[in-house]
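Chemist: Build the full structure now, drawing on both the sequences and the hints.
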Amino acid sequence: MEFINIIDYIGTFAFAISGIRLAAAKNFDWFGAYVVGFVTAVGGGTLRDVMLDLTPFWMEQPSYIVITGLALVFVLIFRKYVVRLDNTFFIFDAVGIALFTVVGVEKSIVAGFPMWVNVIMGTITGAAGGMFRDIFINEVPLIFRKEIYAMACLAGGIVYYLCLWAGLHTIATQVVSAASVILIRVLSVHFRISLPSLKSIDPADRSGTPD
Amino acid sequence: MEFINIIDYIGTFAFAISGIRLAAAKNFDWFGAYVVGFVTAVGGGTLRDVMLDLTPFWMEQPSYIVITGLALVFVLIFRKYVVRLDNTFFIFDAVGIALFTVVGVEKSIVAGFPMWVNVIMGTITGAAGGMFRDIFINEVPLIFRKEIYAMACLAGGIVYYLCLWAGLHTIATQVVSAASVILIRVLSVHFRISLPSLKSIDPADRSGTPD
Amino acid sequence: MEFINIIDYIGTFAFAISGIRLAAAKNFDWFGAYVVGFVTAVGGGTLRDVMLDLTPFWMEQPSYIVITGLALVFVLIFRKYVVRLDNTFFIFDAVGIALFTVVGVEKSIVAGFPMWVNVIMGTITGAAGGMFRDIFINEVPLIFRKEIYAMACLAGGIVYYLCLWAGLHTIATQVVSAASVILIRVLSVHFRISLPSLKSIDPADRSGTPD
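Chains as they are written, first to last, in the numbering used here: chain A, 1 to 211; chain B, 1001 to 1211; chain C, 2001 to 2211.
I should point out that these hints are in silico values taken from the structure, not numbers from a laboratory. Careful, some of the hints might be misleading.
Computed beta-carbon distance windows for the label pairs [claimed, not checked]: (1) T2170/C <-> Q61/A: 41 to 51 Å; (2) K1199/B <-> I4/A: 34 to 44 Å; (3) I2091/C <-> K1199/B: 48 to 58 Å; (4) N27/A <-> E1060/B: 34 to 44 Å; (5) L85/A <-> I2004/C: 52 to 62 Å; (6) K1199/B <-> N2138/C: 18 to 28 Å; (7) V66/A <-> L1162/B: 14 to 24 Å.
Here are the simulated lysine-lysine pairs, DSS-like style, with alpha carbons at most 25 Å apart [what the hints assert, rightly or not]: (8) K1199/B <-> K26/A; (9) K1199/B <-> K1146/B; (10) K1026/B <-> K2146/C; (11) K26/A <-> K1026/B; (12) K1146/B <-> K26/A; (13) K80/A <-> K1199/B; (14) K1026/B <-> K2199/C; (15) K2026/C <-> K1026/B; (16) K199/A <-> K2080/C.
Some, not all, of what chain B presents toward chain C, calculated at C-beta under 8 Å [to be verified]: (17) A1023; (18) A1024; (19) N1027; (20) D1029; (21) F1031; (22) A1033; (23) T1055; (24) I1065; (25) I1135; (26) N1138.
Backbone N, C-alpha and C fix where the C-beta goes; we use that ideal spot for every residue, glycine too.
Modeler: Structure follows, in structure tokens:
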């Protein structure tokens, strides 16, 4: 097992934990929590693969199924201590989205798409799982309202290309791109930096708008 | 028309009725109720086919469009009596998910995927339509919180393989697998068996968790 | 740039504005509002392309990304005046869904599907974006409850075939079909014509129904 697999699995584990915890807060049963955890972990990559016309990555090896199961067992056993581990999970999660972003960009490159599509695919890989999770638990997606999340993925994808243009080797490009995602994510949470909200002055009335 | 088609259509009808009734409870208009009924009936198989890179099954023959229309007409005409038919619909629905599960497993086998993917595809075929329905009507998916539903599909998929390994013929395998889904579903509703809910002891606070 | 492109871009702009405004009303940040605007504009066509096994159209040229960005800038700058432009947006939107419907029907024809699939694909292209938008902002989809929207797309698809059968040339068919969508949409809003709602007499109790 290579180093990149270990990081991939750690990211998957952190994503699954996040889904399972939020499902638990909504009184989902074990199976439902498992499904939400799984969708959080693989949803972004699945959307990417469907749009790139590839077989969803988790259908090619059972590790993602297994890791989500381990995450469920972990939450069941250590639920009292999970809260205290928030900082650890946060780091795992930041590393996970960083890796997912790089993987997403590279899968899209291999599939032959132009740069701007690749950056979007990296962002979707990193951020869409959390969006699906929030739709499943019937909440307005948090990634659209809090801190810098999807933007970190987007920035990582752009940094990926800046490194390529600067002539860096593949591995250096991957590392710098992933590091930029982690850095932006950590800084935005540490300094509570959010994008400005687009507060509406529209009346609440939705009639007359396209629907 | 073969026997399996009749069962398929009955299951589709029961699924569509379920979607239309819940849409009606949310004051959807006729067309919206039709769409929700259709998505409930074909959503699981469509997700399966997209992930298997097949043409969604309902695009290959118009029967599912027609059956959903019949379900809408049925609800419009017999709405006063629909509630009394709950037990009948429940049986139709149980037969439907049983058949959908078997069909899903077999389509995935034909597409060349390993066993564990096939079992998941069977489960998605049987259970994901109800999940889409609940997302459309803006409710937390019921299948994650009440009785044993998706788990019955999962068990049916596993029974399918146990039968294959035991050397049963295809038809016997299909019948035993489908029967096990129906049995689990009926027993779980009759004895009000649910999976334990994963009650959280997390504070409601979502900050700090990956999002 | 041909005339049809201009209409396509105007429709995309109107759809994106609609998504961004509703996201703003929910306090989404800029990026979230952008995503909702983008999904509103391209969601229907993306679902169509995935089901037709085509590459999603917006991945083949960056204009949709750019136009959604312009829509965001427009809302940011002119937010005070956006409400007054409701009637203008309404016309843009009606023209947009009309064109999207025709494009959807024709893409499905080229992909080799039968008539009834093509009409459904036209309807999905015109109407599904608004449905995704409402799921993202965690509302019950408006298109299922208010005025005639998806039905206008459906009617436009049927008119498309009536024109073909009547022997009209392609361009005349496109114009008449699109005009019928716009006309139905304008009339339904002007005279506040809705489809009847399917008011339920079911008890609110969901137990016993398929789930």
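Chemist: Against each hint, give a clear statement of whether it holds in the structure.
Modeler: Right, here's what the structure says about each hint:
1. T2170/C <-> Q61/A: 41 to 51 Å: holds, 48 Å
2. K1199/B <-> I4/A: 34 to 44 Å: holds, 37 Å
3. I2091/C <-> K1199/B: 48 to 58 Å: holds, 52 Å
4. N27/A <-> E1060/B: 34 to 44 Å: Once the Cβ atoms are compared, 40 Å apart, the range 34 to 44 Å for E1060/B and N27/A holds.
5. L85/A <-> I2004/C: 52 to 62 Å: holds, 56 Å
6. K1199/B <-> N2138/C: 18 to 28 Å: holds, 24 Å
7. V66/A <-> L1162/B: 14 to 24 Å: For L1162/B against V66/A, whose Cβ atoms are near 20 Å apart, the range 14 to 24 Å holds.
8. K1199/B <-> K26/A: Measuring from Cα to Cα gives roughly 8 Å; hence the hint holds.
9. K1199/B <-> K1146/B: holds, 14 Å
10. K1026/B <-> K2146/C: Distance ~12 Å between K1026/B and K2146/C Cα, so the pair holds.
11. K26/A <-> K1026/B: holds, 22 Å
12. K1146/B <-> K26/A: holds, 12 Å
13. K80/A <-> K1199/B: Measuring from Cα to Cα gives roughly 11 Å; hence the hint holds.
14. K1026/B <-> K2199/C: Given that 25 Å is the threshold and the Cα spacing comes to 8 Å, the pair holds.
15. K2026/C <-> K1026/B: With a Cα-Cα distance of about 22 Å, the restraint between K2026/C and K1026/B holds, given a limit of 25 Å.
16. K199/A <-> K2080/C: holds, 11 Å
17. A1023: holds, 7 Å
18. A1024: holds, 4 Å
19. N1027: holds, 5 Å
20. D1029: holds, 4 Å
21. F1031: This interface hint holds because 5 Å falls under the 8 Å limit.
22. A1033: It holds, given that the least Cβ distance between A1033/B and chain C is near 5 Å, below 8 Å.
23. T1055: holds, 7 Å
24. I1065: holds, 7 Å
25. I1135: holds, 6 Å
26. N1138: Since the shortest Cβ distance to chain C is 5 Å, the answer is holds.
Consistency with the previously given hints is maintained throughout, with no hint failing.
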